[in-house]
Amino acid sequence: MAEDRAPITRVLIIGAGIAGIQAALDIANSGYEVVLVEKEPSIGGRMLQLSETFPTLDCAQCILTPRTVEAGHHERIRLMTFSEVIAITGEIGHFTATVQRKPASVNWDVCTGCGLCQEKCPTKVASPFDRAMGKRKAIYTLSPQAVPNKPVIDREACTWFTRGKCRLCEKVCPVHAIDYEQQATTTQVEVGAVIIATGYTLYGLENLGEYGYGKIPDVVDGLAFERLLSASGPTAGKVRRPSDGKEPKQVVFIQCAGSRAPETAMPYCSKICCMYTAKHAMLYKHRVHDGTAYVFYIDVRAAGKRYEEFYHRATEEDRVIYVRGKVARVFRDGDQVVVWGSDTLSGASVEVAADMVVLAPAMVPHPETQRLAEMLGIPANEYGFLLPLDDNILPVETTRPGVFLAGAVTSPKDIPETVAQASAAAAKVLSLFAQWSGVPQAMETPVGAEAS
Amino acid sequence: MKRIGVFICHCGINIAGTVDVKRVAEALKDYPGVVLATDYMYMCSDPGQSLIRQSIKEQNLEGVVVAACSPAMHEVTFRKASAQAGLNPYQTEIANIREQVSWVHQDDKEAATRKAIEHIKTIVEKVKYNESLIPLSLSLVKKALVIGGGIAGLQAAIDIATAGYPVVLVERSDRLGGHVGKLSGVYVNFNAARDLLESKLQAVQENPRIKVFLETEVEELGGYVGNFTAKLKHRGDNGGEPTFSEHTFGAVIVATGHSLRPLSKFGEYGGGRYPNVIDALTFERMLAPDGPTGGEIRRPSDGQVPRQVVFVQCAGSRDPEHHMPYCSKICCMYTAKQAALYRQRVPDGQAYVFYIDIRSQGRDYEEFVQSAMTEHDVLYVRGKVARLYEEDGKVIAWGADTLTGKPVEVQADLAVLATAVMPAEGAVELAQRLRIATDEHGFFSEAHPKLRPVESLTAGIFLAGTAQAPKDIPETVAQASAAAAKVLSLFSQRELVAEPTIAYVDEELCSGCGLCIPACPYQARAMHPWKHKAIVNEALCQGCGACVVACPNKACKLRNLTPSHVLAMMDAYLAEV
Amino acid sequence: MRIPYYPGCTLSTKAKGFDQAARQSFAALGIELAELKTWNCCGATFPLSRDNLLDLVGPVRNLVSAAAEGDKLAVACSTCFNVLKRSNLVMRNEEDKREKVNFFIEADYAGSVQVLHLLEILRDEVGWDNLAKAVKKNLADLSVAPYYGCMFLRPPKEMGFDDHENPQILENFIRALGAQVADYPHRAECCGNYIAAFDLETTKEMSYLILASARKAGADLIVTGCPLCQFNLDRWQQDLAMKHGGFRPIPVLYDTQLLGIALGLDATTFDLDKHYVDPRPILAEKGLI
Amino acid sequence: MRIQLSAAKVHNDFIRKVEEMSGQDLLKCYQCGECSAGCPAAFAMDLLPNQVIRLLQLGEHEAVLKSKTIWLCAACQQCYTRCPKGVDLSRIMEAVRDLLMLEQGDRIVIEKLPAETLAEFPQQAFISGFRKYTA
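Sequence order for the protein chains is A, B, C and D. Residue numbering for the first sequence is 32 to 483, as defined by my numbering. Residue numbering for the second sequence is 13 to 589, as defined by my numbering. Residue numbering for the third sequence is 3 to 291, as defined by my numbering. Residue numbering for the fourth sequence is 39 to 173, as defined by my numbering.
Keep in mind that the hints were calculated from the coordinates and are not lab data. Please read these numbers as outputs of a predicted model, since none were measured by experiment. One or more of the hints may lead you astray.
What the hints assert, rightly or not - Derived Cβ-Cβ restraints for the label pairs, each shown as a range: (1) Asp144/D - Glu96/C: 26 to 32 Å; (2) Ser383/B - Gly220/C: 53 to 59 Å; (3) Thr255/B - Asp73/C: 57 to 63 Å; (4) Leu145/B - Glu106/A: 22 to 28 Å; (5) Arg40/D - Lys269/A: 28 to 34 Å; (6) Arg344/A - Leu586/B: 55 to 61 Å.
What the hints assert, rightly or not - Calculated Cβ distances over 12 Å to all of chain B for the following chain A residues: (7) Thr99; (8) Ile123; (9) Ala163; (10) Asp275; (11) Phe362; (12) Pro443; (13) Ala465.
Built from N, CA and C at the ideal position, the CB exists for glycine as well.
Go ahead and model the full structure; you've got the sequences and the hints to work with.
Here you go:
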């Protein structure tokens with residue numbers, strides 16, 4: 032630490048999913064400043080894409096929105112969305128991060144978030160937020176509840192940028208916020224500590240040719256199914272299959288799509304799929320009462336408070352059929368999707384002529400996490416998950432003093448574990464900041480003085 | 013008349029799927045006092061809250077009713093939004109039309125819509141009588157009590173003390189370290205548990221802000237967040253009378269850990285009668301270099317090295333019929349570790365693991381179990397063991413391989429049971445003393461399973477480790493630090509604010525009968541020393557209303573829920589009948 | 003003391019020795035086992051299909067007869083005991099079935115009778131200490147393997163008077179008689195039950211597991227309280243000895259037979275000669291007959 | 039042969055009848071295998087007890103009807119006693135047997151039993167045997 036300058040009691044948090052938000056709130060609510068960087072236009076991360084959460088079936092929006100709103104309005108949290116950290120130098124107490132903001136093509140300082148531009152924009156593209164289950168406009172926010180609720184223009188889709196025509200949004204904007212000339216900007220932020228909470232993305236299911244993902248429209252991934260189940264999703268919570276919009280009567284859920292397969296995909300277990308698949312099958316049955324749900328699994332991994340009970344609820348109350356055996360092949364037959372699997376318990380090979388297939392893909396770290404790790408000199412394993420100093424007793428600390436990890440960036444984990452880890456990372460930062468800000472007044476009280 | 017705005021939330025389809033929100037808005041528009049009634053997709057979202065703020069300013073609203081979900085969910089959100097627009101937050105109320113209306117009347121949309129309208133009207137009546145209140149400010153003792161000296165308690169104490177705050181760490185037994193102190197190596201790297209623990213013990217010892225009391229339990233806990241008073245009971249020397257000490261704390265972390273289901277509960281496995289049927293913690297001691305065998309694997313009956321060892325998983329877990337319905341989470345992993353360690357130490361030995369589902373969820377966990385099978389030649393058999401018995405000096409295991417459909421039998425020298433993780437002894441009694449909740453098994457209840465995993469439902473009391481639910485070391489350590497973060501956040505405040513919606517006494521009506529004092533479950537009521545009138549300790553009062561009911565003179569009232577409020581609300585409801 | 007007594011079919015025919023030993027032993031202990039004035043077959047197996055109410059008629063008629071004679075019903079045979087006790091619980095706890103069965107047999111019975119096994123009466127009415135005092139013969143040199151079988155203990159939620167995984171009642175009975183208990187693991191495994199009529203080889207192997215294990219534990223004989231168990235265990239030992247080299251046949255007695263012998267009663271009416279593996283040599287060797 | 043799973047199959051009438059007659063919920067079973075592990079007749083069975091439930095869960099009752107297992111269950115209650123979910127498998131076996139015999143007639147015919155058997159076996163063996171092996 033540089034001797035001549037006091038260390039900076041401000042933290043940089045990279046990634047504004049539930050991990051980043053939780054850490055930011057814990058630190059900001061303790062009186063310190065937070066810079067929260069998010070590469071998407073708004074915060075909330077994966078959790079905002081979810082419909083309901085296991086094992087309570089609480090609606091994800093309902094429990095997360097208060098946190099995104101609080102983070103968005105917090106006087107000590109500086110949100111930098113649509114931005115990425117492109118460089119970090121310095122050391123504990125004095126990091127300098129260079130944050131690059133992508134051009135939104137909208138002047139957010141004047142935009143009121145009225146939504147008129149999105150309503151009038153004539154160009155529709157598949158929405159990545161909805162996992163292509165629905166469409167969005169070329170000028171868009173991730174969701175109607177976005178924080179901040181300001182749109183950006185997708186320059187690859189917008190006809191002004193691709194073909195030099197339209198500018199309709201500019202015409203309708205009542206406050207003249209549209210700025211087609213906007214450039215990327217870079218900002219330097221000075222912080223004393225860093226938390227990396229860049230989360231996860233999904234394994235490229237196209238690599239698993241046997242499941243037909245990307246070729247058969249009614250083979251979707253679990254996150255896409257979340258969007259179909261979500262009340263604010265593209266089908267307003269109705270289960271409709273992509274090919275023809277019909278309600279699927281037989282749905283097959285395939286677990287371990289890319290997990291536990293050292294030879295063909297990822298060797299590790301992705302931890303959350305067993306539980307969200309049980310939830311998917313359950314919610315599907317709640318929406319489609321005469322439907323049948325099959326879950327193909329290798330081991331049911333329901334380890335967590337009330338998780339085992341949740342799995343039993345899926346089979347007993349919601350009559351989900353569990354089949355122990357990995358699926359070998361999925362192919363199209365007419366308007367059905369045929370699944371070839373086996374039931375290793377009865378020793379039979381089985382076949383389901385399904386209307387829709389939902390794959391539970393392996394969780395993998397974001398590719399850009401690797402770049403961050405290299406910049407900061409933090410080791411990663413061969414799949415790109417960042418390594419804490421000690422798995423058991425230093426789970427959020429890194430080899431680099433002042434840099435901490437939270438959430439799925441270290442390994443697949445579910446929401447409660449992520450939230451606990453985020454608060455744990457916050458604790459480490461708060462400890463540092465408390466030491467740098469001087470001895471708290473409470474320390475004057477000798478411990479145990481009143482013991483009689 | 014007060015100018016009141018009504019904001020009706022769709023909550024996606026949660027409300028709007030059952031309640032006709034447009035009709036509700038229409039019906040409220042002309043209700044006396046209501047100057048604005050409108051609806052929105054998600055009122056809690058940023059634009060939803062902006063709508064409320066903007067309307068307060070533009071329409072000069074003096075009261076707000078948000079018809080949405082339970083106030084437990086969003087009362088704070090909407091009161092904060094109102095305050096930002098300059099309205100006293102206590103002029104904003106929630107009409108719960110989700111949990112109390114749409115969710116419970118999904119099959120009758122018409123009735124749900126009518127009920128929602130009536131419901132909102134009653135809350136409008138309440139708001140008409142609401143006073144503007146100012147939150148109470150309370151003092152804050154910046155010192156923490158950590159209960160339990162296992163890895164969770166140690167970690168939490170270290171984090172809080174490192175940030176500069178004093179911590180009292182109490183441990184019931186005569187040593188720190190808890191279960192981790194009894195382990196051999198940890199999965200997945202076989203690092204010595206002793207070494208891992210040692211680093212934490214050293215940090216505790218070296219930190220002058222941590223005071224450790226061994227052989228000490230919490231006898232009583234009174235007070236409230238920021239100002240808890242704890243009576244600690246210290247075991248007397250040489251069996252003498254215990255001594256007591258009293259302390260004040262601002263926050264409490266409960267990290268009392270777990271116990272294991274005793275062997276006597278497993279009749280089908282001998283119920284503890286067979287010396288060579290042991291539980292996994294006993295085997296762990298056998299593996300530990302500081303254990304009774306110095307790390308050598310010797311079976312209890314005759315000290316021989318066991319040539320065949322059977323590991324029985326789910327002994328008492330996943331069994332709602334006879335034992336615990338839940339999964340104990342850690343057994344799959346430590347069993348793989350124990351089987352691998354056994355194979356390392358007894359290279360010509362054979363290990364069998366009987367399992368139902370292998371649950372290896374964590375970084376390198378799956379790979380670890382696979383390596384137990386491939387590198388350490390542990391034979392995994394999918395099927396729960398039905399019986400263990402001893403014959404001819406062997407422990408015979410009856411199992412089945414559900415994958416080949418064959419019954420199997422192993423003539424083993426030793427059987428190791430992965431017994432269910434249970435709450436620590438006395439957990440329920442402790443919960444009662446701390447006034448926090450437990451689940452039906454005795455694990456402490458978190459405030460919210462997803463987003464508030466380390467908070468109890470009582471402000472200022474936090475949870476860490478296996479006291480909340482079975483979990484492994486990394487998760488326990490993270491949770492302990494998380495609990496510490498909550499304490500640090502709390503201690504960073506200058507003072508605490510508390511809800512003003514509590515009881516007060518109308519001195520003119522109070523006869524000094526004192527009936528309110530025993531009625532109060534929070535010890536918040538007392539007599540004024542000389543006025544002969546009852547008084548309210550505002551820091552302790554939770555606004556439950558028990559005293560209001562007990563008072564024969566109607567002298568006890570709750571702020572913003574006075575008889576005038578209640579009668580107006582009743583009138584509004586009954587007007588529709 | 004007089005307790006209404008249900009002997010059942012097998013005890014009235016092929017297992018008369020079981021019945022005789024029961025009546026005489028209890029008489030010697032001051033308890034009259036008073037045979038029900040009217041009784042019929044219990045059905046020999048508790049009906050497991052939910053809609054199979056007709057199969058409840060038989061056992062319930064016996065219970066109705068018992069109710070006319072007292073508030074208790076003593077049963078010697080474990081199978082009859084199982085059927086009667088479970089049927090009684092149905093009448094006590096399942097209103098719908100109770101009404102229908104009562105309608106069938108024109109009765110008004112609600113499960114008031116307490117169905118007791120003879121061993122329960124020894125344990126709870128006589129007491130092990132009193133039983134020990136009544137013993138006349140010295141059994142100290144006799145090692146006895148208790149065999150429970152299935153019907154006596156299971157399902158525990160309904161039978162529930164002893165720990166189903168680690169039962170003690172037969173052990174305490176043997177100890178009270180002054181004999182040694184041969185501790186062997188398979189005392190509550192199934193002997194093969196009625197499978198014998200369908201697949202004899204399977205039954206033989208199921209029985210062999212029990213017999214060999216008792217032998218290995220040093221037992222001189224096995225005691226049981228079920229005629230079908232007794233038959234299955236007893237009948238095929240010659241075949242088994244041929245098939246499994248080294249297996250020495252072991253006599254299988256009824257619990258009441260051993261009781262009568264210990265009480266010093268004349269065993270001639272106990273039909274000891276009807277057993278396939280003759281128990282008399284070992285009993286004579288130990289000076290008991 | 040591949041088993042074709044479908045809603046019609048897994049919820050077929052036979053399965054419904056088995057559940058109704060036995061009073062047991064087949065999907066309560068999570069296939070831990072403890073029933074098979076403790077079954078004293080398992081060594082002689084072509085399908086293990088857990089596989090009987092499994093096949094019924096999949097609507098594959100034909101395989102169950104063909105198996106020896108249902109006739110080898112002695113209703114000894116060992117599986118039910120230990121089942122972590124309280125599934126009474128002996129009731130399921132009984133329901134399957136009853137349904138099969140309603141269709142195909144009795145499994146044993148008293149006239150065909152050897153005279154030696156008739157003379158020797160205790161009465162209760164016949165009575166319970168007929169209860170189990172005849173409709």
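Going through the hints against the structure:
Between aspartate 144/D and glutamate 96/C, the C-beta spacing of about 29 Å keeps the proposed range 26 to 32 Å intact. The hinted window of 53 to 59 Å between serine 383/B and glycine 220/C is violated, with their beta carbons roughly 46 Å apart. Between threonine 255/B and aspartate 73/C the CB atoms are about 58 Å apart, so this pair conforms to the stated range of 57 to 63 Å. Restraint check, leucine 145/B to glutamate 106/A: a C-beta distance of roughly 23 Å satisfies the suggested window 22 to 28 Å.
Between arginine 40/D and lysine 269/A the CB atoms are about 32 Å apart, so this pair conforms to the stated range of 28 to 34 Å. Separation of arginine 344/A from leucine 586/B is about 40 Å and departs from the stated range, judged on CB atoms against 55 to 61 Å. Its beta-carbon lying about 8 Å from the closest one in chain B, threonine 99/A breaks the requirement of being farther than 12 Å from that chain. At roughly 14 Å from the closest C-beta of chain B, the C-beta of isoleucine 123/A stays outside 12 Å, upholding its exclusion from the interface.
The claim that alanine 163/A is not at the interface with chain B holds, since no C-beta of that chain comes within 12 Å of its own (minimum 21 Å). The beta carbon of aspartate 275/A is kept farther than 12 Å from every beta carbon of chain B, the shortest such distance being approximately 23 Å. With a cut of 12 Å on Cβ distances, phenylalanine 362/A stays outside the contact zone with chain B, its closest approach being about 26 Å. Distance check on proline 443/A: its Cβ comes as close as 8 Å (rounded) to a Cβ of chain B, failing to clear the 12 Å threshold; non-interface status is violated.
A beta-carbon of chain B comes within 12 Å of the beta-carbon of alanine 465/A; the shortest separation is about 4 Å.
Checked against the numbered hints given earlier, the structure breaks hints 2, 6, 7, 12 and 13 and satisfies all the rest.
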